[in-house]
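Q: Residue-level listing of the chains:
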Amino acid sequence: MKKRVPIRNHQAESALFGRRAIVSLSIVAIVFLGLLANLYQLQVTSFQEFQTRSNSNRIVVLPVAPNRGLIYDRNGSLLADNTPVYSLEVSPAEVNNIADTIERLVALLSLPEDTADTFYVRLNQPRRFPQVTLFDNLNEQQVALFVSAQHQFPGINIEGRLQRFYPHRDLLTHTLGYVGRINQQDVTRLREQELYAQYAATRTIGKLGIERYYENILHGEVGYQTVEVNNRGRVVRTLDFNPPTPGKDIHLEIDIGYQKVARHQLRGRRGAIIVLDANTGGVLAMYSNPGYDPNLFVGGISSNEYRELLNNSANPLINRATQGRYPPASTIKPHLGLLGLHLGVITADSTVWDPGWYQLEGVERRFRDWRQQGHGWVDITKAIAESCNTYYYDLSFKLGIDNISSFMSEMGFGERTGIDITEESTALMPDRGWKRARYNEPWYQGETLSVGIGQSFWTVTPLQLATSTSIIATEGRRLQPRLLHGIGEQNAIEYSEIIEKPPLVISDSAHWQTIKNAMRATITDVRGTARMAFINAPYTAAGKTGTAQVVALSDETDERPETEDVIERFRDNATYVGYAPAEYPEIVVAIAIENVGGGGRNAAPVSRALMDYYFADDAGRTAILQAIADEEVDANN
Amino acid sequence: MQTTEERQRHPWLAKLHIDGPLLLGLIALSCVSLFVIYSAGGQDLGLVQRQVIRMGISFGVLFIVAQIAPDTFRTYAFPVYIAGLLMLVAVMFFGVTGKGAQRWLDIGVTRIQPSEIMKLAVPIMLAWYCARNPLPIRFLQVLGGLLLVIAPTLLIAQQPDLGTSVLVASSGIFALFLAGMSWRLVFAGIVALGASLPVFWFFLLREYQRQRVLTFLNPESDPLGSGYHIIQSKIAIGSGGFEGKGWLQGTQSQLEFLPERHTDFIFSVFSEEFGFIGVVALLALYGFVIFRGMLLSIRAQSNFQRILGGSITLTFFIYVLVNIGMVSGVLPVVGVPLPLISYGGTSMVTMMAGFGIIMGIATHRRLAISQST
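Just so you know, the sequences run in chain order Y and X.
Each residue of the first sequence is one higher than the one before, counting from 421 in the working numbering.
Each residue of the second sequence is one higher than the one before, counting from 6 in the working numbering.
Since the hints were made in silico from the structure, they are not lab data.
Because the structure is a prediction, the values reported are computed rather than measured.
Take these hints with a grain of salt, some might be off.
Unchecked claim - Derived contacts from chain X toward chain Y, CB cut-off under 10 angstroms, selection only: (1) Asp111; (2) Gly249; (3) Gly280; (4) Tyr291; (5) Gly292; (6) Val325; (7) Gly334.
Positions of the beta carbon are idealized from the N, C-alpha and C atoms, including for glycine.
Same shape as in the complex, but just chain Y (with noise of 0.2 angstroms):
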């Protein structure tokens, strides 16, 4: 310190310091109240505007999805359930490498082969979710494992939530419908019906059936949860709940148990049933045969499966009581000859000279009955109960196309009875107006003939076939066929009320009890086509068999059958509309069965089983459908 001092002015250097240090702190004491100001600004000035972006930071508004509504039947046994499931959630934006994980994870949980192929799929679709699922039905055992491997798969989650479960499985498909995930279109539609809101949460929606049609009543309103999350979008707690409100219940005019009977009435055929209550239009029972297990669809099927029921040659996945499309054949005489009566074109008494066969003036071609050697004098009670087809040969000519397709229209033909599902087709009612659309080619009286017997272009859906045989047992009324019972819980059903067009009105009402003899006849008569199903029924019932040539289902196959090949595909097929009791009608059935050949032999006996379940007591009704479980269970074995 002491060396080489120069002479210094100790006094003016610390003076010199001491100013620049005071300089300095001034500075010091100016940028500390710049840093404040700013501070101030930012807590005191800006602080509303800070604290919202803080809260909208860490509150976030999630939507709580709504219970779907159960569907029960008309006794009360539930055909639609929510179970809970538990799926593996993968949350693609937090996990490091998929491939690897999904990898890791089928072989860890012994996923199905293709849960990745899908999840893949499902992966690069559009979400309305961060989380894709990769499995959606977690037994207790996977659960365990994975919840014991959690931390080696950042981003995989467990989410346990209520699923539909269809206990029937194959029971009721094409009636209930299923839910399926909501997907791009669903979403589109949503969006323009202005719900989508009401969807926030929600991963499945009505695809199909019941499920599809009273999705509004069964899906419920959003609820809002408003929680507090972290920067990675994890809750942390819930500050405010908002309850969703529940999908309501619907209660349905099935029976399961005829829809047991239908089964297994039609079980290794193809074919459809529907059984109508006479007096409310409510349906009793509906069924499709094949059909498939809608679980399938509600956590997604695999493309694999999809596929398979896709190209399956019978076509589960059409609902034949509602869209398949039958030629009516004889199922419709009766039909037929209440509007020959109607318009005087016959009378109760009126005879007709069978011989075998038909043929127009002028015309080589003979119209051929199907009894070679013919029914002799008929009239409309032996023409209907023999099915004799010269008789409606003639009826026929004598009524023209016009009279015949304007008066089937007014019985529904040609026209969606209104059925409580959206998968209902309107078959064909054919006139000369649609001829020349589709052919472009005049009515030729031939087709008339044609027609006369439920053949040639007419088309007829079992529910048509069901409603129009409705109109003729409760003589005139016109119900619109209806599933729906009754929506609300269990106690409190607020029950539908029938909807009903005004009644078909005929010139002299004797004309109905002409027509309903000439069905009971069917029954009773020695010669009736469907006497021998009905021997010894404790019940009076009346109806009217069908045999019809085939025409495919779809307009796809042109080939023409060779009468004598027995190839399964060009066997006729068999149609039945009847109701019971004869007096006061309170059932209705119609029923259609492919490629099984005359309707009296084979679809009457399924008319007979349904009624005679109809008519049994509790007792009676027990021990069938005991005896159609014990028969399932040995087929099984």
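Guided by the hints, dock chain X onto chain Y, whose structure is given.
A: For chain X alone, coordinates are given in the frame of chain Y:
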């Protein structure tokens, strides 16, 4: 007069070469640090424990350094500076890279960070350089001094470690300023600095640093990308309001919206939880430490000690300014911790060594006086 009073009041502190008020200020800041780290670190006591250990080491270093007579630093100023410079050059070629920068020198036993050494070596060197001749410092001397500052600054800046280079540069420039460089030069320097900004921009700043500056100028341009940190930090500070959300109640920090919560952005956590009142108190505490440091420097016996103490104190101020300015969005993001509050050890040790020097300056002088009289 005052000196005598103090010595009489705490003779044992003086014997330990400790300045009571300054020590109290540092302890107070350390206590604040532990509370904020506990909150910012997700209430992790382990984190707090590790910081307590670091603080213990740092205060130990302070105590040891305070025992060294300030003139000893003067003796070693030049060799240490040269050694530091050589190490910086060595880092450039053989340095260990971490966190995207080449800052460390592996010497087998441990890794050392030469830039950290320069935080003290530069002010010591500059203090010695300025104090060789009578004050005020002459023009040519200033130019020489600037060279002494610029060499390490550039070497550190290219690592890149912008934060440390700013601190090293300011310690040197403060030394020159305190040595009385003419006001004309001061203003000329400011103008020259302003004029050379484009040079900095195009030649010295790296792409990510330029991005930081752009982000600073308009953070909302990329709120989820580079602007995210600063926006979340401002939200944290602003939403703290006047009274704060309360200790452990800051949602921005507790829910992890804030980045670097217990290190560079710890001030945001503090502001969110303790509000404007807390901020005023904290700045007052910093102000007190700076004031005390300057006061002790003014009272120092030699120009070397004065300049050294003042330079260290003002550099401490630069820490505070750069960090708070950064997290509150008035300065670009430069990796400078909030001194004595941020979690982390290295810079704290250096800083405490600096305060040890100041305490040494304050206390050794008194002993010298009392011995000589």
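Q: It remains to establish, for every hint, whether it holds in the given structure.
A: Hints and how they fare:
1. Using the Cβ-Cβ criterion of 10 angstroms, the hint placing X:Asp111 at the interface with chain Y is not satisfied: the shortest such distance is roughly 31 angstroms.
2. Evaluation of the X:Gly249 hint against chain Y yields a held restraint, the C-beta minimum of about 9 angstroms falling below 10 angstroms.
3. Taking 10 angstroms as the C-beta cut-off, the interface hint given for X:Gly280 holds, the closest approach to chain Y being about 6 angstroms.
4. Interface restraint check: X:Tyr291 against chain Y, minimum CB-CB distance 8 angstroms, threshold 10 angstroms, status holds.
5. The interface hint given for X:Gly292 holds, since its Cβ lies 6 angstroms from the closest Cβ of chain Y, which is under the 10 angstroms cut-off.
6. At about 8 angstroms, the closest approach between the beta carbon of X:Val325 and any beta carbon in chain Y falls short of 10 angstroms, and the interface hint on this residue holds.
7. The criterion of a C-beta within 10 angstroms of any C-beta in chain Y is met by X:Gly334, whose closest approach is roughly 8 angstroms, and the hint holds.
Hint violations for this structure: number 1 only, all remaining hints satisfied.
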